[in-house]
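**Q** Read off the chains here:
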Amino acid sequence: MNIALLTRLWEEVVVPRMHIPDGFLSMPVALIFWVITVALLLLAIRKTQQQLGERQIPLMGVMAAFIFAAQMINFPIAGGTSGHLLGGVLAAVMLGPWAGMLVMACVIIVQGLLFQDGGLLVMGANIFNMGLVTAALGSLYHGLAARQSKGVRLVVAGVLAWLSVVAGALFTALQLGFSGTSPFAIVVPAMLGVHMLIGIGEGLITMAALAFVMQVRPDLVAAEAVRTGGGRGWVIVGLVIALFVAVLSPIASADPDGLERVAIDMGFEEVAMTPPYELFPDYVIPFLGETPLSTILAGVIGALVVALVAFAVGRLLRQRAAAA
Amino acid sequence: MMLHNALDRYHDRPSSIHDLDPRVKVVVTLLGIFSVLLLPDGAWGAYFLVWCAVLAVALVARLGVGLVLRRSLVALPFALVAITLVFTLPGRTLFTLQLGAWEISASDAGLVRFSSVLVRSWLSVQMAILLVATTRIPDLLHALRHLHVPALLVTILAFMVRYLAVLLDEVTRLLRARQARSAASAQGKAGGSLLWRARVAGNMTGQLFLRSLERSDRIYNAMVARGFRGQYVTINPHRMRRRDWMALGLAFAALTMIQWLGRTLS
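Read top to bottom, the protein sequences are chains A and B. Per the working numbering, the very first residue in the first sequence carries number 1; after that it's consecutive. Per the working numbering, the very first residue in the second sequence carries number 1; after that it's consecutive.
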């Protein structure tokens, strides 16, 4: 194996990611997200053991290694930035919600533990942002699109993949804000802006990879949908996350003062911070540093979510009609 | 074949640190990071003591100071997130920058907080590096199992780590093949449209997925043939010896002392 090439790839891929290192989250935030993550992972382990046999254990291990390796596949987008995969939605689409969550958690554990990519004490937050949220959104695919035409399935998977990156970034930004590591007024629009772009790469690769598998091994994708059958519960969980992103992004971008207040009231911040709006430094992505435009972009997410909801309702109604 | 990570070659250096029970090392590392995070902003003396402790462990483990320092820079890009603190925390103005139309001023309080976040993070990364550089991966996973991480998770991790090197080889070949096919003239613009490039990357991902899937089938069959029942078993008992307890006690005492100093001095 070519270590030099690997190292270079690793650095290219890792740097633009949202793996939080130790020290960047305050103790309460880090611990709260450990508790949430542990609870969800225990649930996922119980469900997986109920649903899957021992054949799935090596499968999940190799799939985790697959996601890790697939994160190195990149393609140039424009101006020196490149698109690549986070993989949460792809994992949930291929393996089902619970197994997808476990696989993503393992990817982030290995990255943190063996490569110091992401801290140990903040690993709960990292697993939550990049593994659990993304896989939960990916599970929406089974509820919404698994039985639709090929084109619809691909588009739904692509949109979910994009949304998963944005949602993960939003959670990361909120955690950093609540930790007092960066003011909400800067970190929320900056993270959302960068990842709305990065998410496009995620969406495109997810779609193309799914299309490839549909063409070469259609049995896999069809069988997965039936076996893991992401139920109605997952549609609700996914939509709640999507709505959370859609509602909070505009609020957070337009009124970070409110969040700042919440952080202080909850005692998260040791230091009171007054975000000086007129002082946006240059490196905040130019077209997103301006609050109105990021609000508009957030509105676009809102519109997409509304479309998804309408789609889901239509599907449920049709099912009812077919059952009657 | 185990994972070829950059630290693999440091596993074979016999030292009293390598020899410690992996559980002790995991617990001490976590406690260490926990304690660094609890230190107040600007406790420079305490930070320095922690750093001395980290270097001492690196020397006893015969890792060399350079390795730990070099590898500890991985978390640096994230500093960009926190640098905003310098310009947003209220305090005495240190200097003012002119960025285009904006004028931003740095405050002393902001600078202290920013550097504290950075130093704490840097110390934590070094502790994690010490853990991985002195502990073999199977031992690390075994320790996690002893520390009540669920068996299913540890088994998946074990499989993942075992096949990571194989799949990384696979992806390296895919990337090299793409690079070999994508020749461009010196002046010309290479690489088709954005969608086309995305599709190539997606096809590679799909290809890798199918290969991984087929590999996991072969692995499962081979393991069933060897008596696999859903869990790794080990004949290594991992028993705590006297020096393991002593190391644990020593580390705990040192961390408590540094914590106390950090709070009284600053």
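Keep in mind the hints are simulated off the structure, nothing from the lab. Treat the hints with care, as some may be off.
Straight line, CA to CA, 25 angstroms or less: simulated DMTMM-like cross-link-like pairs of lysine to aspartate or glutamate [unchecked claim]:
| hint | chain 1 | residue 1 | chain 2 | residue 2 |
| --- | --- | --- | --- | --- |
| 1 | A | Lys150 | B | Glu214 |
| 2 | A | Lys150 | A | Glu54 |
| 3 | A | Lys47 | B | Glu170 |
| 4 | A | Lys47 | A | Asp219 |
**Q** Now tell me if each hint is right for this structure.
**A** Evaluated hints:
1. A/Lys150 <-> B/Glu214: Roughly 24 angstroms between the alpha carbons, so the hint for A/Lys150 and B/Glu214 holds.
2. A/Lys150 <-> A/Glu54: 31 angstroms, violated
3. A/Lys47 <-> B/Glu170: 32 angstroms, violated
4. A/Lys47 <-> A/Asp219: Roughly 24 angstroms between the alpha carbons, so the hint for A/Lys47 and A/Asp219 holds.
Checked against the numbered hints above, the structure breaks hints 2 and 3 and satisfies the rest.
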